[in-house]
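Engineer: Chain residues, written in single-letter form:
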Amino acid sequence: MKHSVCLLEAVNLALASEMRRDDSIVLLGEDIGVNGGVFRATASLREEFGLKRVMDTPLAETMIAGLTVGMSTQGLKPVAEIQFMGFIFPALEHIICHAARMRNRTRSRLSCPMVIRAPFGGGIHAPEHHSESTETLLAHIPGLKVVIPSSPARAYGLLLAAMRDPDPVIFLEPKRIYRSVQQEIEDNGVELPIGKCFTLREGSDITLLSWGAMITETLEAAAALKEQGIHCEVIDVASISPLDTETILTSVRKTGRLVIIHEAPRNLGLGAEIAATVAEKALLELQAPIARVTGYDTVMPYFRLENHYLPNTQDIIDAVTQTLEFS
Amino acid sequence: MKHSVCLLEAVNLALASEMRRDDSIVLLGEDIGVNGGVFRATASLREEFGLKRVMDTPLAETMIAGLTVGMSTQGLKPVAEIQFMGFIFPALEHIICHAARMRNRTRSRLSCPMVIRAPFGGGIHAPEHHSESTETLLAHIPGLKVVIPSSPARAYGLLLAAMRDPDPVIFLEPKRIYRSVQQEIEDNGVELPIGKCFTLREGSDITLLSWGAMITETLEAAAALKEQGIHCEVIDVASISPLDTETILTSVRKTGRLVIIHEAPRNLGLGAEIAATVAEKALLELQAPIARVTGYDTVMPYFRLENHYLPNTQDIIDAVTQTLEFS
Amino acid sequence: MNTQNHLQFLDCEGVPTQALPKWAEEPDWFLKCYHFMVLARQFDTKAIALQRTGQLGTYASLLGSEGIDVPVALSMQSDDVLVPYYRNHACQIIRGLPLEDAFLYWGGDERGNAAIEMGKDFPNAVPIATQSLHACGVATAMKINNLKQATVTFIGDGGTSKGDFMEALNIAGVWHLPVVFIINNNQWAISVPREIQSAANALADKAIAAGIPGIQVDGNDVIAMREATNQALQRAYEGKGPTLIEAVSYRLCDHTTADDATRYRDNDELKAAWHREPIKRLRGHMVNQGWWDEEKEKALLHEINKTVQKSADNYIKMAPQAVESFFDHMYAELPEHLVEQRDWAVVKAMPGGSHHQEGE
Amino acid sequence: MNTQNHLQFLDCEGVPTQALPKWAEEPDWFLKCYHFMVLARQFDTKAIALQRTGQLGTYASLLGSEGIDVPVALSMQSDDVLVPYYRNHACQIIRGLPLEDAFLYWGGDERGNAAIEMGKDFPNAVPIATQSLHACGVATAMKINNLKQATVTFIGDGGTSKGDFMEALNIAGVWHLPVVFIINNNQWAISVPREIQSAANALADKAIAAGIPGIQVDGNDVIAMREATNQALQRAYEGKGPTLIEAVSYRLCDHTTADDATRYRDNDELKAAWHREPIKRLRGHMVNQGWWDEEKEKALLHEINKTVQKSADNYIKMAPQAVESFFDHMYAELPEHLVEQRDWAVVKAMPGGSHHQEGE
Ligand SMILES: Cc1ncc(C[n+]2csc(CCOP(=O)(O)OP(=O)(O)O)c2C)c(N)n1
Ligand SMILES: Cc1ncc(C[n+]2csc(CCOP(=O)(O)OP(=O)(O)O)c2C)c(N)n1
Ligand SMILES: [Mg+2]
Ligand SMILES: [Mg+2]
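Residue numbers (our numbering), protein chains in the order written: chain A, 200 to 526; chain B, 200 to 526; chain C, 412 to 771; chain D, 412 to 771.
The set of hints was computed from the structure by calculation and includes no laboratory data.
Among the hints, erroneous ones may be present.
Here are some chain C residues the structure puts well away from chain D; computed CB gaps all over 12 angstroms [to be verified]:
(1) Q429
(2) A460
(3) D490
(4) M577
(5) L580
(6) H587
(7) E606
(8) S609
(9) K617
(10) A683
(11) V698
(12) V734
Quick look at which bits of chain D chain B covers, simulated, 3 or more residues with Cβ under 8 angstroms [stated by the list, open to error]:
(13) 564-574
(14) 639-647
(15) 654-660
(16) 683-695
(17) 716-730
(18) 737-745
This structure is a prediction, so every number in the text was calculated from the model and none was measured.
The beta carbon of each residue, even a glycine, is placed where N, CA and C say it ideally should be.
In isolation and in its complexed conformation, chain A is listed as follows (with noise of 0.2 angstroms):
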């Protein structure tokens, strides 16, 4: 059966449909229950599945990330709802001392398949601490996987993946496109893969780089750019870490000029790590400096000034340009 969903009803179609399939699933977070969720991720599960299996808790994230740890060691697969990104911090002693190092530290005797999902990003004019972008801050840590969707089918295949996943992912909903973008999906259980990046658009003048909601811009800056006769190759990374470093060089070789697009702040954002593996691995096939498009290193202003913060289609463009006109 089709549906018509945007990136938030993905979001609920592939929990619903993976719960139908796993028994071993759970939900927990705050206010998932009754009210599904602030943004309504988890509408109607709760109806579905019981209390056993969509659990509201406590307001406080260091227990959902701890039991979440506890839980996925005993063969359950726990599903998290970190309610926004700016609340993780105190989840991460959790996730950074255990769940990314239990497999490790038992040489695989215990094991936590979990995930840990949260709205992240800027744009929706919301109140202070819900509009960060700190993936930088789970990306680093080894033994985590972290994913950003940016459509709602990506959005359905990754998440699948990420619930059968045998390790703990933390996947990352880019809150801004959430309602955006309407996209017919089938709900058939087919999952897309962890670790790859998604080409969105093939280009041989210049290789853009984005993730999450910033895709949308890249994309618009991708259309506008073909008016002028560039071609940009558009690839959404999608999966954070592991990193498909392959899929980046072979299109960096291919154009020879790179542009890197987030929301994060520029300083050891994403972008620096992606800039830097492709100059150390392909420096003599770069015809220009690779171009980041990014937020600040500031912090994320109050809603009014929001729009300044964040990286635009225009910013995009120029930086194109700019990349193109090196010589």
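Got chain A; can you put chains B, C and D with the ligands on it based on the hints?
Structural biologist: Structure of chains B, C and D with the ligands alone, referenced to chain A:
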């Protein structure tokens, strides 16, 4: 008066010196009082400054960070110790959401002049979680300064600067070299600048960038390479945030080659940002790809294998040789 | 220790349920209290209206907390320090926060936390429960500096489940800090009811874990709130340490303007709660005492309406912050790379400007 | 609720202070208990000796906790799950951890956490108090799966100050989890004494904050520990929810081999504590009952000595892990970049090999 001190004693000297000068400085942490800290960094300070200025806390890092934020807004300058960097995660919410943001959030009405000290890094045969180098998690956060000394003199001068800084400073102490070198330093209250690199050795063939304990192996490699007629410029980054890009670029423009050495995992280690920045701003001056000699993207192994994880002098020599051979 | 002693002086109609304290003989405090409660509620109504018309961001209504915030604010000394959560606008306004600035904050503008009138008070804490520890830090500073001051901090019932709160009670007990913790137990944390937060008989029982006094108070009863707060503050001033007050109230509103409580909350429960609400109760008492009548009510509403309207107008007229403002307060002194980025942002904000820096 | 009911059956000499439970009439359990307590202590002595001679890393001695760990381990069913902190070697060994593997762990080798005999038990938790929440997660799984099992978790007195512990008690209360929390209150957290951790009258009082039963028990009295643990386990098996047991003991050792307690601790206090220690006390009782004598003691010591020595020898003979072992368990399937890094590490470990990868 001159003191012959190791790095650890230099920390103690700086704390004592500044506490005498500035009544608003108070210390807090686990076991820092009678015990003088598990490494003895605060030895004898309780005796000299009393219970009110050297406070043993209950065992709770979230609490330590939260108290520190609160105190710092009210005219005190708290210097908190996190016993090992591996235990800093529960403190991150307060560091990231409050310490780093208070000035901006209140348009400078309140601010958080505070220092958080933590020993970090491997190589002392310690139990699990006692050997981390997760400086990326802090360096990525706008609003913080992150400083790492690599000699007794720089520990003394930079810690003084940290205590005098109007903004929050994370002061990471490379415990592997806590006691490895003695240096004559004068307790004259003269600080060293935060936000500047230190060029430890001039050279024209290649630039070696490092910080913390790895400076030891970096200098050793430079000395060994000198024997082969290779002149390395060795720079101690020291302030990993904000980064002294200018000094780094000037050196790389001179030498045309760069090797970055750090203990932290490679993926999104600070080497990534430095490499990306250099490749961006000095692409045409680079005569070879930037090499990164780093820890692996694994959990730091238990101590029997930790030496296999840590980069060593030979690794640096090999990276330099390869970088010089590139053409 | 019996923390479940539910302190109450007035019933839902404002009729005393026990002998009133001595100070309650005089009308002045009640008139002031009533004034601010009405002001708070009108501010609230205006804020919601502004939000509905796109002139304010997501807003957390204070409806139902007037009976807690107002007596607490009136009990505090100006050099005490308030460490609020995000629902203490009433308390903040009484302590000096201009109404304009309160609107500004909820309008997505950092200047709303900058008012000099806020002194050393903390801005709103969005990350739940973190403020409890900040309050302990502030109280530690007071203690170290031998000041006869107290720190007052609020938290919701949901917030009491987070480690920060419990660590804060604990350190306050060990260090004997001059801090007053007030739980606004409004029964709901967004959609999660009180009984899912804790199996404790009363949230005030959490004090026992920390070895400090705890008391449960009717949060719709301003006399009870004043009594409890005053005693707690006195203890703090006298070096007798911390107190936990659980103020039992009800969230008469949605969680925020982004929430729809009908999805998870029974309407009957809400109706019943309106019967207990604090303003009607105080007015009942004042009318019974002969301190208040229709005419005074009308005059007050009119006056406050004007004040609130004027502040809202001022807020709307206020020029936006310059783009560079989000750089300028990152550090006391702007580092090199931020100077550069600030320039990009300024250029980008110009017509036709771009975010992307010039290559070298 | 009176949590300060300090449960005790035997005084320091092993003389009953009240009528003993029925099960205490039979010697078998006591003999087994004594056996493991002596084994634990000999393991401990050996581990310290190995550390002093550079054959083990920093080691956390169990000295003084035998009276807690052993009766708890003996009370548990094999399909219960243990979520230990880092000082529960005695408990772990009884539950099946081979002595060799215990040495391995403290010798800096991950294989020490891998023994199949550990089943679903957790490995040691180094980050303080995190285990309390894992235990709740494990208990949640038991509850969801309708298993008649319980989770048992330990923590130190210092650990009770960390939010994780208090959040764990809280959720255990709300969700009515089959979990038993045992505080080893050995009076010290490295150099920080119990009274600096909390102003609570008893650490068991922390249960009140979570609305769960709490009890303080003499942790040097194995009868009291068995009684309390059994009751708690029964409650768990019967779906009656969690229990908090504060076992009062004393850290008879330095915090770890890296610590020197004489820097901060009074020698007289230590001496007094030795008077209360659990092995002597149990032996006293057994001798009084006519279950034990010099000869049996000698035979037991000899036997255990041999066992421990053999395990230590096996440990020392064990071949080190291959270098690549620290890659191989990072993920179920090794990602590309780790395959590459693993190759560098293997090459580097060869004579003359280097860490730095080949350029392209
Ligand atoms: C650490 C953290 N987690 C989650 C949130 C999202 N959130 C905002 S308010 C709220 C409920 C708070 O309820 P309560 O503490 O009872 O206060 P109330 O809003 O009812 O006054 C939640 C979950 C947050 N702000 N901070
Ligand atoms: C989160 C965290 N902070 C700090 C430490 C360092 N540390 C290890 S043991 C210890 C004291 C623990 O004392 P207690 O909980 O009483 O247990 P005990 O060692 O006395 O059995 C400290 C501070 C740690 N391991 N984890
Ligand atoms: Mg509430
Ligand atoms: Mg202890």
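Engineer: All hints, please: hold or fail.
Structural biologist: Hints and how they fare:
1. Q429: holds, 27 angstroms
2. A460: The assertion about C/A460 holds, with a minimum of 38 angstroms to chain D.
3. D490: Answer for C/D490: holds, closest chain D Cβ roughly 27 angstroms.
4. M577: violated, 4 angstroms
5. L580: violated, 8 angstroms
6. H587: Its Cβ does come within 12 angstroms of chain D, the nearest being 8 angstroms, so this is violated.
7. E606: At about 8 angstroms from chain D, C/E606 fails to clear the 12 angstroms cut-off, so the statement is violated.
8. S609: Its Cβ does come within 12 angstroms of chain D, the nearest being 6 angstroms, so this is violated.
9. K617: Its Cβ does come within 12 angstroms of chain D, the nearest being 4 angstroms, so this is violated.
10. A683: Answer for C/A683: holds, closest chain D Cβ roughly 24 angstroms.
11. V698: C/V698 clear of chain D: closest Cβ-Cβ about 41 angstroms, beyond 12 angstroms.
12. V734: Holds, because the least Cβ-Cβ distance between C/V734 and chain D comes to about 39 angstroms, which exceeds 12 angstroms.
13. 564-574: holds (count 5)
14. 639-647: violated (count 0)
15. 654-660: violated (count 0)
16. 683-695: Answer violated; 0 residues pass the 8 angstroms Cβ test.
17. 716-730: With 0 residues closer than 8 angstroms to chain B, the region 716-730 of chain D misses the three-residue bar; violated.
18. 737-745: With 3 residues in contact (Cβ-Cβ under 8 angstroms with chain B), the coverage given for the region 737-745 of chain D holds.
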